[in-house]
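Participant: Listed below are the residues making up each chain.
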Amino acid sequence: MSVDLILFLVLALAAIATALGMLLSRNAVYSALFLVLNFATVAVFYLLLSAPFIAMSQISVYAGAIMVLFLFVIMLLGAEQLKPLQGLPWQRPLAFLLALMLIVESVYLLIFRSQPQGQIPVGNETFGNPQAVGEMLFSQYLLPFEITSIVLLVAMVAAIVLSKKEKGERA
Amino acid sequence: MVPVNYYITLSAILFSIGALGVLIRRNPLVIFMSVELMLNSANLAFVTFARMHESLNGQIFVFFIMAVAAAEVAVGLALIVQIFKTKHDINVDEMSSLKG
Amino acid sequence: MFLSESTITGFFFLAPWLVFAPVAGLLFNIIFGGRLSEKWIGTVASLASGTAFVVSALLAYSVAANHGELVRWRLAEWIHIGTLNLDWTFRVDSLSTTMMLVVSGVGTLIHIYAIGYMHEDVRFKNDVGRFRRFFVFLNLFIAAMMILVSGDSYMMLFVGWEGVGLCSFLLIGFWYEMDTLARPSWANSNAAKKAFIVNRVGDFGFLMAGFLMFWNFGSFQFDAVFKAAPALAEANPGLIVAITLFMLVGVAGKSAQIPLYVWLPDAMAGPTPVSALIHAATMVTAGVYLVTRSAPLYTLVPQAQYVVAMTGAVTALFAATIAVGQYDIKKVLAYSTISQLGFMVAAVGMGAYVAGIFHLITHAFFKALLFLSAGSVILGLERGHHHAAHAHHDEKHGKSVKTKHEDHHEEVFDPGDMRNMGGLRKTMPVTFWLYMIGTLALAGIFPFAGFWSKDEILLDAAKLYPQVYWLLAIAAFFTAFYMGRQIWMVFFGEARHEAAAHAKESPKVITIPLMVLAALSVLGGALNLPYIHTLGNWLEHTIEVVEHEVHIVPWLEQSFGGLNIYVALISTAAALLAIIISWLIYGRKPLKTGQPDPLKKPLGFIFTGMENKWFVDEGYWAVIINPFVKISYFLADVIDWRFWHDWFHETVIAGTYNWISEIMLNRYADQKGIDAFANGLGSVTQNISAAMRKVQNGFVRSYALSVLLGIVLILGYLLFK
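Chains as they are written, first to last, in this note's numbering: chain U, -13 to 157; chain Y, 1040 to 1139; chain X, 1211 to 1931.
Some clues are possibly wrong.
[Stated by the list, open to error] FRET-style restraints, in silico, Cβ to Cβ:
#1 X/Val1894 / U/Met142: 48 to 58 Å
#2 X/Asn1897 / U/Leu(-9): 53 to 63 Å
#3 Y/Thr1125 / U/Leu139: 21 to 31 Å
#4 U/Leu139 / X/Ser1899: 37 to 47 Å
#5 U/Leu(-9) / X/Tyr1927: 25 to 35 Å
#6 U/Leu(-9) / X/Leu1928: 40 to 50 Å
#7 U/Tyr16 / Y/Thr1125: 24 to 34 Å
#8 X/Ser1893 / U/Met142: 48 to 58 Å
#9 U/Ala3 / X/Ser1893: 31 to 41 Å
#10 U/Ser(-12) / X/Val1910: 14 to 24 Å
#11 X/Val1910 / U/Leu62: 16 to 26 Å
For the record, the hints were derived by calculation from the structure and aren't laboratory data. Just so it is clear, CB atoms sit at the ideal spot from N, CA and C, and this is done for glycine as well.
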């Protein structure tokens, strides 16, 4: 039982717990906050996996921007309170069942049926640092990078267009 | 010295929880958040494999996924806001006009 | 095209226009006639016929310019199968040009006459649109007759033969839905049918002769047959006799001899121009032409010649007796035609071909004249009838009231019945004089045309076959008698019906062609005057006349170039005597309305026989037609209809089939089996789809659930397979 393993298990537990919390919260705000915690946990995982740049991106983009956006919208629309369950009563049990089966299958697959992949090797320090990522990004993946920027532009434009007021409509 | 399989298992579990969230919750915002969770679990798997193979390609891909996820969230939320404006209710179950 | 060896100049290339001009005329009238006025239709038709006449004249001139040499102008190949070679070749020689001139000449005059006649006729019968059809048929007739007389082989002749038979049918039955008094009836179409069927019997004879000819001579072409005939006559004389006698059957059919003459009186149902053209001047002479053309065959077999001559003579006398008892003006002329045809057939049968053709020509002139004048008389009576009816109508209702045309004619009026006529000499003077000329020509009074031609026949008969001579002489007596009777009854005395009293003269378009014919009837004798023998010399280029060795009675030996004074005197005296007797009976005490014929009491049953055509038609009906009809009815009704149709087809075949299809196939196989299956498929599909439809509930989340389900299943499969 090395430190890595213990750390991993604790964090894994935290991740799953927050995920479940997001799932089961009545209040949408609580769900969002749980999700923020989940993202934070995953960011720590990234650090463990020698991906510091990605970890910071996770915190700043996901947890910092995306979730904030979510919270804005939740509070804007007043969706904290939800009505009790209606319609498709059979959906819930079946979904639970299927998810359970999926988990069982995945666990079975990954623990018992796969070849041992070995340990995560001890890596060098320069692996995954921003410099290395930047180098790769601007040389080998330049085209996807540029395209991604266009995607972001399009998303911005789309968001603005979609929320434009129609003539005569009240906000 | 954590075996790779553990990370992948975790990823799978998070994915399933996300899928469950999509299926069970009726609030579209929560559904959206579950989708983000699923994307996140995929990211985790990517980074794990990148580490395993000592290749940065996985991390680059995660970068792109994040960027696109952000764009998607922006557009999706704008849509949800619009729907709320018209319908004054964001219960997914009420939106069954495409019934066959 | 074939030309004879010597240099040929002339208009022979125009020969096809004999046929094509009338055909062009009839096609023009078919296509454009609907938009033209009656005058134009008639003019086009007359011009077409006139063109044929001009071509005939030019061809005759060309033949004359070539000293009567034969020219054969081939137009097209027709049938070439095995050894049978038939071409459409025009034979231009003196005999055929003579016939062409007569047909087209008289035909054109009758076309012009018909313009006026049909103009009134279609109005009397209330069908103005039918005017065009008449001229189309008339042109068709001219075309067919031209094919007949210009044919170079027996088959081409037969094509024309059949064609004129068809036109005869079409024109007799022109007013097919009525009878002669314009009442709705089968009478006219029955008359047309009778003509066609009786002619068919004649055609059968012609065809048998043709088959024998082809079988033995190998060809139908005239020259080939005539060249090979003498050799075959030596070897097998019976063959030539058979051929010639079969041809006689054809002649009897077409030229109305015993026993196939019965169609011609009924053919008077057709309009008068038809009677004049077809049944007096042209079609009926086709038989005479046939015998004349086959002269080389007939001269080989004197036995057959005798039969032909006797047939002609007996027919001449027989028909003349019937004509005495007829009351319809056209029927008298019809039987007269049969009788005169008997003269012609007797002549050519005896071998007097020139005499026969001469009489054919003069007969065409004066018989056409007589028929057309009779038509003028009939129209005059119709006009008078209408005039009288209008006068009555105005008396009864006053001049301003108009009622329908049909209301005027309460009683059935026959304008052709001589008992309704009388005194027409005063009301229709032009027609009267024209009729007189025709009568005198027919009776054979010097110097009219009929005298010369009839006397030539009588002389030849006297020389060759005395029995024929006596028969013909008595027939000539009767001829003069019944024509005299007709003149006194129609034109003299008092009008016996108000229609005759009000009769009006015919317009010029009718009387002018008649005047031309009258002139020809007067002057026609010049064609073959004794010593000059214009026609005889002309025809001799074509017909080789073989003089038989006969014992000539001394008093006949003195002939002035073809005219014997005794024969002439006897015939003229007989004719005058007949006319005087007819005047005594019919002229001195003119008939009154409703008075029976003065001959009825003295002659008793003989006159009844004459009146009723010696019951020949009734005999045919009893012996041939009625049994035939009965057998037909039996075959049709019992055997065909009741047995085959009702029982066998309906019950056995149709019933079985229906049972199979209805019970077995329809009910069990089809409805219970296949239908059930098909419907079942349909309802299964419907049910499945109704169930499946519920999947599309519109809820996005359930769709996502399905996706997850799919993932789980696939993963499971992949894991545990």
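Participant: Determine for every hint whether it applies to the structure shown.
Facilitator: Hints, verified against the model:
| no. | hint | in the structure |
| --- | --- | --- |
| 1 | X/Val1894 / U/Met142: 48 to 58 Å | 54 Å, holds |
| 2 | X/Asn1897 / U/Leu(-9): 53 to 63 Å | 58 Å, holds |
| 3 | Y/Thr1125 / U/Leu139: 21 to 31 Å | 27 Å, holds |
| 4 | U/Leu139 / X/Ser1899: 37 to 47 Å | 46 Å, holds |
| 5 | U/Leu(-9) / X/Tyr1927: 25 to 35 Å | 33 Å, holds |
| 6 | U/Leu(-9) / X/Leu1928: 40 to 50 Å | 30 Å, violated |
| 7 | U/Tyr16 / Y/Thr1125: 24 to 34 Å | 27 Å, holds |
| 8 | X/Ser1893 / U/Met142: 48 to 58 Å | 55 Å, holds |
| 9 | U/Ala3 / X/Ser1893: 31 to 41 Å | 54 Å, violated |
| 10 | U/Ser(-12) / X/Val1910: 14 to 24 Å | 45 Å, violated |
| 11 | X/Val1910 / U/Leu62: 16 to 26 Å | 22 Å, holds |
Hints 6, 9, 10 from the list above are not met by this structure, while the remaining hints are.
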